[in-house]
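There are 2 protein chains.
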Amino acid sequence: MRDVCVIGLGLIGGSVLRAAAAAGRRVWGATTAEADAEAAVVEGFDASTDVAAALRTAAERDALVVLAVPLTAIEEVLRTVGECAPSCLLTDVTSVKTGVLTAARAFAPNARFVGGHPMAGTAESGWRAGGATLFDGAAWVVCVEDDTDLAAWAEVARLALDVGAHVVPLTASTHDEAVARISHLPHLLAAVLAAVGADGGPVAMALAAGSYTDGTRVAATRPELVRAMTEGNREALLPVLDEALGRLGAMRGSLASTGGLAVSINSGHEGARALAEARQATPSGVRVTLSAPDARDGLRALGERGGRITSLTADTAIGEVR
Amino acid sequence: MRDVCVIGLGLIGGSVLRAAAAAGRRVWGATTAEADAEAAVVEGFDASTDVAAALRTAAERDALVVLAVPLTAIEEVLRTVGECAPSCLLTDVTSVKTGVLTAARAFAPNARFVGGHPMAGTAESGWRAGGATLFDGAAWVVCVEDDTDLAAWAEVARLALDVGAHVVPLTASTHDEAVARISHLPHLLAAVLAAVGADGGPVAMALAAGSYTDGTRVAATRPELVRAMTEGNREALLPVLDEALGRLGAMRGSLASTGGLAVSINSGHEGARALAEARQATPSGVRVTLSAPDARDGLRALGERGGRITSLTADTAIGEVR
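Chains as they are written, first to last, in the numbering used here: chain A, 1 to 322; chain S, 1 to 322.
Calculated directly from the structure, the hints in this document are not laboratory data.
For each residue, glycine too, the CB sits at the ideal point set by N, CA and C.
Everything hinted at is true.
Chain A side only, calculated, beta carbon under 8 angstroms to chain S, not exhaustive:
#1 Ala178
#2 Pro186
#3 Ala198
#4 Tyr212
#5 Asp214
#6 Ala219
#7 Pro223
#8 Glu231
#9 Gly268
#10 Ala274
#11 Leu275
#12 Gly303
#13 Gly306
Just chain A, with the same shape it has in the complex (with noise of 0.2 angstroms):
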């Protein structure tokens, strides 16, 4: 199993580190962040604020680099990579994807890179707030472009398995636009509500109950990982936002001149069902031969299927799509 080098010890990558070392791979990590590092290496972890020499640790021994930072401190990241580690194996796990790939194209150049994104996490951030079991059958977006190398991209397929986690396989603009319809979008509703609901005032606090409580729930994330990831994908997330605005404004329309909102509400009701449908239905397995010649095209089909990888053998991507 190859070894696994994580830079940023936050909640991601805490976890990764903790899921890597668990699943019996040699670990070792680096963070800007003081606290992490401490906490990491209190555990036991091999841990340092040297990022430089982590890099050149994962150089010489080709390990895979997994940049676990804030999306607005992945630039600076990325130039260290490319003079410390300029040619290792490389994956992130950031909320938007598209950002990232061009600045790794421009950054390291020479690194072989596939971006990543597991679905999972918590309002607390930290070290402390990690686990080893965050990822335990979590999505974990793997992408795959025109150009991906198949054998790096098994890598990191094979990392996110390896924490528990199974494998969705995107292009990064397919990743990037529909993590703004249900990742970034809900961060920007629940930012909504909860300024509207406070400025009701005492009275309005005291009868919240749970519609507000889970609707708001997302505002308390620390506002810069909120930020990082909303403006970070400003292109797929403005059209999502208009489509949103253009359906609250539907009902504000429709309040005030027939007072019905009954088309509004099935919409909605039927999203609700579909996402209970989708989680419901019955899975049909699916295989993708690694090394034909369409390879890429198939991972991605089962991707945009809704489908997920669970296993990976030698050759073969095994799969199910419901």
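Assemble chain S onto chain A, guided by the hints.
Quick look at chain S alone, frame taken from chain A:
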């Protein structure tokens, strides 16, 4: 303890019937939904589908009548109250208070009516979804208008306390404005999110994680219930919906122009903190003497400061404000 007659035996009405019985009251109920009436009888309750007969019994016994029918059926039931129990002690549990107050004055003008609204519920509905503990620790708004009979008010408040809730005294219009923010807007935003998410197809559904499932949970509520509460609170909901549209539009504008979302996201984060602080604050005790000339003002002031009443003696409401 006063007898309780519950009309409507769904989630809320069925829970009131069970909880009031558990508190030692004589209870009976009626509903036009045969399945709910049968289920209540199977569990040993005095329940039927003859609403008029149940109300006539209430008139004979001078019981407190609780209307727990959907908002869209309130007028019809109020007419029956006007015929069969014209001067009864009367309350309701629907989520909009000004409309019901107007209807009660029109169709049961001699009833001693005091509006109520327990802030409890689930996405499920019907007798089987309820239970005797549904109201434990929940806020139960009991309305205080300028002409409210405080003896009748205390009877309704005592029922709310008996079933485990705490009482929030507010005018109908203050209630409606607050629930537009913390209950009706959350349902509309959940519907928008569920529709925009589902528009992303199978990929979006496969990647949906916590922020999406939390944000769309109440979109699974029966559409007719969501329509009844939102359409029924049109006057209070429209300006709240405009505030949400304004905030979402401002996000769209700043993302498109400067690309920065700091102001919007920080406002949401502060809103989330306002809720957490309201819940963690140390309460201080408050008492309102019900026979005092300004008792109505005292009760409403308590509610408007986010306070609640936790017990009631013959002439004193004892509560706390955070």
